[in-house]
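**Q** Assemble the whole structure, with the sequences as input and the hints as a guide.
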Amino acid sequence: MDVFNTIITSAQIIYNFLDACAGYSDDAASLAARFRWDLRAVEHLRTYFNERSDASRSLSLPEEDKKLLADIEEYLSVLARRVVASGTRIKSQGWLRNNLNRAMWFHREKELRKLESELFEWTLRFDVRVLALPPRVRTVIPEMDAHHAPKVLRSSLQISEFRKLAEDVQERKVDSMFLDHVPNELCGTAQPGQPLQSHGQPVMVELRSYSPTTAQKEVDELRSSLGVLAVALNYVESGSGVNLLNVESLFKDPDHCQFGLVQKLPFPTSKTWTLETLLLSKGPNSVRLPAMHSLSDRFRFAQRLATSLFFIHSTGFIHKNMSSQSVYVFEREGSSDKDNFPYSLGEPYLLGFGWVRSQDGWSDNFRRPKGEWSKDIYEHPYRLAAEPPLPRYINTYDVYGLGVVLLELGLWRPITRYENKFAALAPEERRKMLVDIAEDLNITMGPKYRSVVQWCLQLDGKQAIRDATFINMVLNKLDELEDVISI
1159 MDVFNTIITS
1169 AQIIYNFLDA
1179 CAGYSDDAAS
1189 LAARFRWDLR
1199 AVEHLRTYFN
1209 ERSDASRSLS
1219 LPEEDKKLLA
1229 DIEEYLSVLA
1239 RRVVASGTRI
1249 KSQGWLRNNL
1259 NRAMWFHREK
1269 ELRKLESELF
1279 EWTLRFDVRV
1289 LALPPRVRTV
1299 IPEMDAHHAP
1309 KVLRSSLQIS
1319 EFRKLAEDVQ
1329 ERKVDSMFLD
1339 HVPNELCGTA
1349 QPGQPLQSHG
1359 QPVMVELRSY
1369 SPTTAQKEVD
1379 ELRSSLGVLA
1389 VALNYVESGS
1399 GVNLLNVESL
1409 FKDPDHCQFG
1419 LVQKLPFPTS
1429 KTWTLETLLL
1439 SKGPNSVRLP
1449 AMHSLSDRFR
1459 FAQRLATSLF
1469 FIHSTGFIHK
1479 NMSSQSVYVF
1489 EREGSSDKDN
1499 FPYSLGEPYL
1509 LGFGWVRSQD
1519 GWSDNFRRPK
1529 GEWSKDIYEH
1539 PYRLAAEPPL
1549 PRYINTYDVY
1559 GLGVVLLELG
1569 LWRPITRYEN
1579 KFAALAPEER
1589 RKMLVDIAED
1599 LNITMGPKYR
1609 SVVQWCLQLD
1619 GKQAIRDATF
1629 INMVLNKLDE
1639 LEDVISI
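Using my numbering, the letters of the sequence shown map in sequence onto residues 1159 to 1645.
Keep in mind that a hint or two might mislead.
[Said to hold, decoys possible] Taking lysine-lysine pairs in the DSS-like style, the calculated list, with each CA pair at most 27 angstroms apart, reads:
| id | residue 1 | residue 2 |
| --- | --- | --- |
| 1 | 1249 | 1272 |
| 2 | 1224 | 1375 |
| 3 | 1635 | 1309 |
| 4 | 1440 | 1429 |
| 5 | 1496 | 1478 |
| 6 | 1533 | 1440 |
| 7 | 1272 | 1496 |
| 8 | 1422 | 1309 |
| 9 | 1410 | 1478 |
| 10 | 1620 | 1606 |
| 11 | 1225 | 1606 |
| 12 | 1322 | 1440 |
| 13 | 1224 | 1635 |
| 14 | 1249 | 1331 |
| 15 | 1422 | 1331 |
| 16 | 1249 | 1225 |
| 17 | 1429 | 1496 |
| 18 | 1440 | 1309 |
| 19 | 1224 | 1249 |
| 20 | 1322 | 1375 |
| 21 | 1478 | 1322 |
| 22 | 1606 | 1590 |
| 23 | 1375 | 1422 |
| 24 | 1429 | 1268 |
| 25 | 1478 | 1635 |
| 26 | 1268 | 1225 |
| 27 | 1496 | 1533 |
| 28 | 1375 | 1410 |
| 29 | 1249 | 1322 |
| 30 | 1620 | 1225 |
| 31 | 1410 | 1440 |
| 32 | 1272 | 1322 |
| 33 | 1322 | 1309 |
| 34 | 1606 | 1272 |
| 35 | 1322 | 1268 |
| 36 | 1429 | 1331 |
| 37 | 1225 | 1635 |
| 38 | 1422 | 1410 |
| 39 | 1496 | 1440 |
Hint data in this document are derived by calculation from the structure and do not stem from the laboratory.
**A** Here it is as structure tokens:
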């Protein structure tokens, strides 16, 4: 349990430092409270495993707890190294020994602000990893409730509490999310993927269509499934560390046989992109734009996208539509050119929720694949090769799609550029070709990023992925890459 002791020792130093800064920085005061929560969470986890060990006659953990502890220690190891580095930096600079005062704060404000930013990033990552704890372990953290927990955990807790409600109570909550009257601008001819105005606020509307011949029972099941998703995403808070849009309402448009999710934009926007449109963007000479953003931008983009998908899975949902067309970037109104594409990548937001469902919810297993290689390329070959009824969609298939998206991002090249290679290939042959193409990432992004992409692409399509495995094989590696390139 060395990882717990390591984090606690360094986190206590950092907390003392932030507490000393609180009088000069509102950000430091807020961050100190967050760090204190994380510190107490680690302390409770250490106590839990110590008590479980002491309760055993052999003074060793039961096998189930040994496996869980090994998982936790492995996926916290990267965070432990990061917090030790920050704690060591504070000690070596003498910021605590010298009794930080207002004069020192203003003299070293730029340096201290940078450290604050790094520590804030640490708390976001730690909180996301708490999501991977099984419910029986989460309960050992007394402050693990919707009032005290950090935003990302608060959102997850509220979603979990909603999912535990009786079916009729859930239905009433879903009904309350549906609009009684649907404004014309939100349905029918609404342009997919473009911001709209609703009650003076910028929103995105995502539509899920159904056939006019669809049986009423299936329409009702679709309504219920989308309603549960809408309620869940309504709990997502801005600034939580996961880039998902908050759903404020949904509607049914029977005249056009579709449902719509109305999602709040994070800020007023001047332009909207998908990752696909970024990759296809051309300059004044009609030649596709080369990558003009920093490598750190790209690593951060990948890390944020993977974190958002992990949050969806950790709360019991499957995305079912992972592609570069589902990843959005919003340009902030009034922002400078240097903060926008092509000079900056911005923040990725995961949308494309038309096919999302809960992991145990209704699934249209007779729906055939799209039949277009440029769409099917994001689908796991095991599912593509099956005959109806198709294998139930599992999180593995989302992660496979993530691998294709990360490949496009890393090469800065749309998958459609490979039409001559992919169009005539069978699903499994396409997968092998993708793995081979990913070798080129050694040059553009390095071997660690390449290993993340190839791991996603080589997943067995017959079994789901454990949260701890995804953290170790994807999130931890992307975190390390972002940290190294940002130094």
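**Q** A separate judgement is required for each hint: does it hold in the structure or not?
**A** Here is what the structure says about each hint:
1. 1249 to 1272: holds (16 angstroms)
2. 1224 to 1375: violated (46 angstroms)
3. 1635 to 1309: The hint holds at about 24 angstroms.
4. 1440 to 1429: holds (16 angstroms)
5. 1496 to 1478: violated (34 angstroms)
6. 1533 to 1440: Cα-Cα ~22 angstroms, so holds.
7. 1272 to 1496: The hint holds at about 20 angstroms.
8. 1422 to 1309: Since the Cα atoms of residue 1422 and residue 1309 sit roughly 17 angstroms apart, the hinted pair holds (cutoff 27 angstroms).
9. 1410 to 1478: Cα-Cα ~21 angstroms, so holds.
10. 1620 to 1606: Since the Cα atoms of residue 1620 and residue 1606 sit roughly 26 angstroms apart, the hinted pair holds (cutoff 27 angstroms).
11. 1225 to 1606: Cα-Cα ~26 angstroms, so holds.
12. 1322 to 1440: Not satisfied, since the Cα-Cα distance of roughly 49 angstroms exceeds 27 angstroms.
13. 1224 to 1635: holds (24 angstroms)
14. 1249 to 1331: violated (51 angstroms)
15. 1422 to 1331: holds (19 angstroms)
16. 1249 to 1225: Not satisfied, since the Cα-Cα distance of roughly 35 angstroms exceeds 27 angstroms.
17. 1429 to 1496: holds (15 angstroms)
18. 1440 to 1309: Answer violated: residue 1440 to residue 1309 is near 39 angstroms, above 27 angstroms.
19. 1224 to 1249: Distance of about 34 angstroms is beyond 27 angstroms: violated.
20. 1322 to 1375: holds (24 angstroms)
21. 1478 to 1322: Given that 27 angstroms is the threshold and the Cα spacing comes to 23 angstroms, the pair holds.
22. 1606 to 1590: holds (19 angstroms)
23. 1375 to 1422: violated (30 angstroms)
24. 1429 to 1268: violated (31 angstroms)
25. 1478 to 1635: Answer holds: residue 1478 to residue 1635 is near 24 angstroms, not above 27 angstroms.
26. 1268 to 1225: Distance ~43 angstroms between residue 1268 and residue 1225 Cα, so the pair is violated.
27. 1496 to 1533: violated (33 angstroms)
28. 1375 to 1410: Given pair residue 1375, residue 1410 holds - Cα atoms ~15 angstroms apart, limit 27 angstroms.
29. 1249 to 1322: Roughly 46 angstroms separates the two Cα atoms, so the pair is violated.
30. 1620 to 1225: Holds, at about 22 angstroms.
31. 1410 to 1440: violated (37 angstroms)
32. 1272 to 1322: Judged against 27 angstroms, a Cα distance of about 41 angstroms means the pair is violated.
33. 1322 to 1309: holds (20 angstroms)
34. 1606 to 1272: holds (26 angstroms)
35. 1322 to 1268: violated (46 angstroms)
36. 1429 to 1331: violated (33 angstroms)
37. 1225 to 1635: holds (21 angstroms)
38. 1422 to 1410: Answer holds: residue 1422 to residue 1410 is near 18 angstroms, not above 27 angstroms.
39. 1496 to 1440: holds (18 angstroms)
Of the numbered hints listed earlier, those contradicted by the structure are 2, 5, 12, 14, 16, 18, 19, 23, 24, 26, 27, 29, 31, 32, 35 and 36.
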